[in-house]
Amino acid sequence: MGSVESSARAQYPTLPAGGGRLTLWSFRESGPPEPPKPRLLDRVRQALRARHLSRRTEEAYVAWIRRFIVFHDKRHPAGIGAPEVTKFLTSLAVDGRVAASTQNQALSALLFLNKDVLEIDLPWLDGILRAKRPERLPVVLTREEVRAVLQSLDGVPRLMACLLYGAGLRVLECCRLRVQDLDFATNQIVGRGGKGDKDRVTMLPGIARAGLLEHLEAVRVQRQRDLAVGAGWVELPTALARKYPNAGREWAWQWVFPATRVYRDRLTGRRRRHHLHESVLQRAVKAAVRKAGLAKRASPHTLRHSFATHLLEDGHDIRTVQELLGHRDVSTTMIYTHVLNRGPAAVRSPADRILGP
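The sequence shown: position 62 = 369 (this note's numbering), numbered continuously.
Derived by calculation from the structure, the hints in this document are not laboratory data. Any given hint might turn out to be false.
Said to hold, decoys possible - Pairwise CB distance ranges, derived in the manner of DEER restraints:
#1 Thr449 x Lys593: 16 to 24 Å
#2 Pro445 x Asp572: 34 to 42 Å
#3 Lys550 x Arg516: 27 to 35 Å
Stated by the list, open to error - 20 Å max Cα-Cα, derived SDA-like pairs, lysine to any residue:
#4 Lys381 x Leu414
#5 Lys505 x Arg363
#6 Lys505 x His359
#7 Lys603 x Val646
#8 Lys598 x Thr449
#9 Lys505 x Arg477
#10 Lys598 x Ser586
#11 Lys505 x Gln495
#12 Lys603 x Ala591
#13 Lys598 x Leu466
#14 Lys439 x Val405
#15 Lys598 x Arg450
#16 Lys603 x Ile642
#17 Lys394 x Ala438
#18 Lys505 x Asp636
#19 Lys422 x Leu347
#20 Lys422 x His359
#21 Lys422 x Ala354
#22 Lys598 x Ser459
#23 Lys381 x Leu348
#24 Lys439 x Ile642
#25 Lys505 x Gln629
#26 Lys394 x Arg373
#27 Lys598 x Glu452
#28 Lys394 x His383
#29 Lys603 x His617
Just so you know, even glycine gets a beta-carbon here, dropped at the ideal spot from N, CA and C.
Start from the sequences, fold in the hints, and give me the full structure.
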């Protein structure tokens, strides 16, 4: 009985005989401590990856959210509302004088933070002073200028430039081509991971066919050398890498345009090759434009603009060109109708009709 009474006294303390303060004891269930909650930016990264957004989008969104926090003296965004978001975005336009596309990207990052991470619904942000989007027409090369640029290139950059002009690929789509994306039987190319992470099918230009086949044989030989020394891996989409862990060494998943150097992945320890960096093509095209003596400010993307414009000049309908370019809205494709060679110079003035010869 004594042990029971002792136990009861331990659980239910009583007042001391001479009066005084009652001491209350608190009890906590034993067990492993709760894991620490991930930090805010880590939560942002997790949410972005769960939605399969690109690495570039992840880097941009995280950078904007960090900049937003610093702008408001490192206050946690959970305690910051629409007025603070409006102030930050307006400051970008007024003080930072950023482009409209830059301000829109910052807005998208903050909307994602609030809706998808913090689960906060912001009211309509109608007080933002928006940066003005300049109404510029795309730079387009004539067919003779395209020929001059391509003839000023050689090797891999020339092959890639042929695909930009001959298939309308974006620069990153071209850099990220994998062997399985080239269908020589149907003369088609699958462009993957474009804007909005959408895939599309475009033509494989016949002029590039022989060069691509010869280039792929060189890539195959390089891959055999890599495999012989324990390398030969390429990066895969996250979900695919988990489901098929060895697919990264298969020929179908190899880059069409691999980088010249091998690197070791920090997480897996595997020796990989990344795809060729877009700056290699950008520098080569810039040098080719200079060598060809062109006065236009042309870049690799100019070849895609020229692809679309020349198709329209050849009489192809706007919807077909829209699908080949991978545009979501036909209004984006319509801008090329303003730079056709059937513009004002192709229309005869009525004054010439009645007064001319």
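The hints, checked one at a time:
{"no.": "1", "hint": "Thr449 x Lys593: 16 to 24 Å", "result": "19 Å, holds"}
{"no.": "2", "hint": "Pro445 x Asp572: 34 to 42 Å", "result": "38 Å, holds"}
{"no.": "3", "hint": "Lys550 x Arg516: 27 to 35 Å", "result": "33 Å, holds"}
{"no.": "4", "hint": "Lys381 x Leu414", "result": "18 Å, holds"}
{"no.": "5", "hint": "Lys505 x Arg363", "result": "15 Å, holds"}
{"no.": "6", "hint": "Lys505 x His359", "result": "12 Å, holds"}
{"no.": "7", "hint": "Lys603 x Val646", "result": "14 Å, holds"}
{"no.": "8", "hint": "Lys598 x Thr449", "result": "16 Å, holds"}
{"no.": "9", "hint": "Lys505 x Arg477", "result": "12 Å, holds"}
{"no.": "10", "hint": "Lys598 x Ser586", "result": "18 Å, holds"}
{"no.": "11", "hint": "Lys505 x Gln495", "result": "16 Å, holds"}
{"no.": "12", "hint": "Lys603 x Ala591", "result": "16 Å, holds"}
{"no.": "13", "hint": "Lys598 x Leu466", "result": "18 Å, holds"}
{"no.": "14", "hint": "Lys439 x Val405", "result": "9 Å, holds"}
{"no.": "15", "hint": "Lys598 x Arg450", "result": "17 Å, holds"}
{"no.": "16", "hint": "Lys603 x Ile642", "result": "19 Å, holds"}
{"no.": "17", "hint": "Lys394 x Ala438", "result": "13 Å, holds"}
{"no.": "18", "hint": "Lys505 x Asp636", "result": "13 Å, holds"}
{"no.": "19", "hint": "Lys422 x Leu347", "result": "14 Å, holds"}
{"no.": "20", "hint": "Lys422 x His359", "result": "17 Å, holds"}
{"no.": "21", "hint": "Lys422 x Ala354", "result": "11 Å, holds"}
{"no.": "22", "hint": "Lys598 x Ser459", "result": "7 Å, holds"}
{"no.": "23", "hint": "Lys381 x Leu348", "result": "13 Å, holds"}
{"no.": "24", "hint": "Lys439 x Ile642", "result": "18 Å, holds"}
{"no.": "25", "hint": "Lys505 x Gln629", "result": "14 Å, holds"}
{"no.": "26", "hint": "Lys394 x Arg373", "result": "16 Å, holds"}
{"no.": "27", "hint": "Lys598 x Glu452", "result": "12 Å, holds"}
{"no.": "28", "hint": "Lys394 x His383", "result": "16 Å, holds"}
{"no.": "29", "hint": "Lys603 x His617", "result": "17 Å, holds"}
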